[in-house]
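Chains as they are written, first to last, in my numbering: chain A, 158 to 270; chain B, 802 to 916.
Do not rely on the hints blindly, as some may be mistaken.
Cross-link-like lysine-lysine pairs, in silico, PhoX-like; alpha carbons within 25 Å at most [to be verified]:
#1 B:Lys911 to A:Lys235
#2 A:Lys201 to A:Lys172
#3 A:Lys172 to A:Lys235
#4 A:Lys208 to A:Lys235
#5 A:Lys211 to A:Lys201
#6 B:Lys870 to B:Lys850
#7 A:Lys208 to B:Lys911
#8 A:Lys201 to B:Lys908
#9 B:Lys908 to B:Lys870
#10 B:Lys850 to B:Lys911
#11 A:Lys198 to A:Lys172
#12 B:Lys859 to A:Lys211
#13 B:Lys870 to B:Lys859
#14 B:Lys859 to B:Lys908
#15 B:Lys869 to B:Lys859
#16 B:Lys908 to B:Lys869
#17 A:Lys211 to B:Lys870
#18 A:Lys211 to B:Lys869
Hints were generated in silico from the structure; no laboratory data involved. Since this is a predicted model, take the numbers as computed values, not measurements.
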Amino acid sequence: EAGVTQFPSHSVIEKGQTVTLRCDPISGHDNLYWYRRVMGKEIKFLLHFVKESKQDESGMPNNRFLAERTGGTYSTLKVQPAELEDSGVYFCASSQFLADTQYFGPGTRLTVL
Amino acid sequence: AQSVTQLGSHVSVSEGALVLLRCNYSSSVPPYLFWYVQYPNQGLQLLLKYTSAATLVKGINGFEAEFKKSETSFHLTKPSAHMSDAAEYFCAVTPTQGGSEKLVFGKGTKLTVNP
């Protein structure tokens, strides 16, 4: 069974540009989460989808971040326009409905110059 | 609000020595507790979890952790370190004892194993 995959693995962009990160969860997992780790700090929750609906987006930093999960399968996280403080590693995780174990992808390392 | 404190951002042990990584949490209700490990250039992998059953939890690769409610702790141990244990370890909690909850992480502890 394939695990959670994320694309790209690395992205380097200039301040003000737009970047879109993609996450493909494990097949059949209704729950999809986005987390972010800024260098030197803890991994922080961004948002949670149940199928295509946003269950909890309390961790989204501001309106420059837009997450979608059309059709309840893969998800995208768009940052527009990117700022220097957006640099970090973005993790995606998925889990079965009502399950307590989340399975993480390898992350996307975003660098904003 | 829940929080997790991992004492020691870096821990160094000799191969064959005891590994002890500390995790304390604050929560108004008993949470679920997790330890994840991240090997270089890989994603987070679940080591073990406490979900209100046995307080001593055994995980993969010889690791175990004990939930101590009175101390609000969930320390991770392994009797004998192996070189392959070198990685970053994260303790995490969920706000309540339920599924499909967001995780609140500690800052992580990097474990170095010396030959």
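Against the structure, the hints come out as follows:
no.	hint	in the structure
1	B:Lys911 to A:Lys235	violated, 30 Å
2	A:Lys201 to A:Lys172	holds, 22 Å
3	A:Lys172 to A:Lys235	holds, 14 Å
4	A:Lys208 to A:Lys235	holds, 18 Å
5	A:Lys211 to A:Lys201	holds, 17 Å
6	B:Lys870 to B:Lys850	holds, 15 Å
7	A:Lys208 to B:Lys911	violated, 34 Å
8	A:Lys201 to B:Lys908	holds, 10 Å
9	B:Lys908 to B:Lys870	holds, 21 Å
10	B:Lys850 to B:Lys911	holds, 19 Å
11	A:Lys198 to A:Lys172	holds, 21 Å
12	B:Lys859 to A:Lys211	violated, 34 Å
13	B:Lys870 to B:Lys859	holds, 17 Å
14	B:Lys859 to B:Lys908	holds, 23 Å
15	B:Lys869 to B:Lys859	holds, 15 Å
16	B:Lys908 to B:Lys869	holds, 20 Å
17	A:Lys211 to B:Lys870	violated, 33 Å
18	A:Lys211 to B:Lys869	violated, 34 Å
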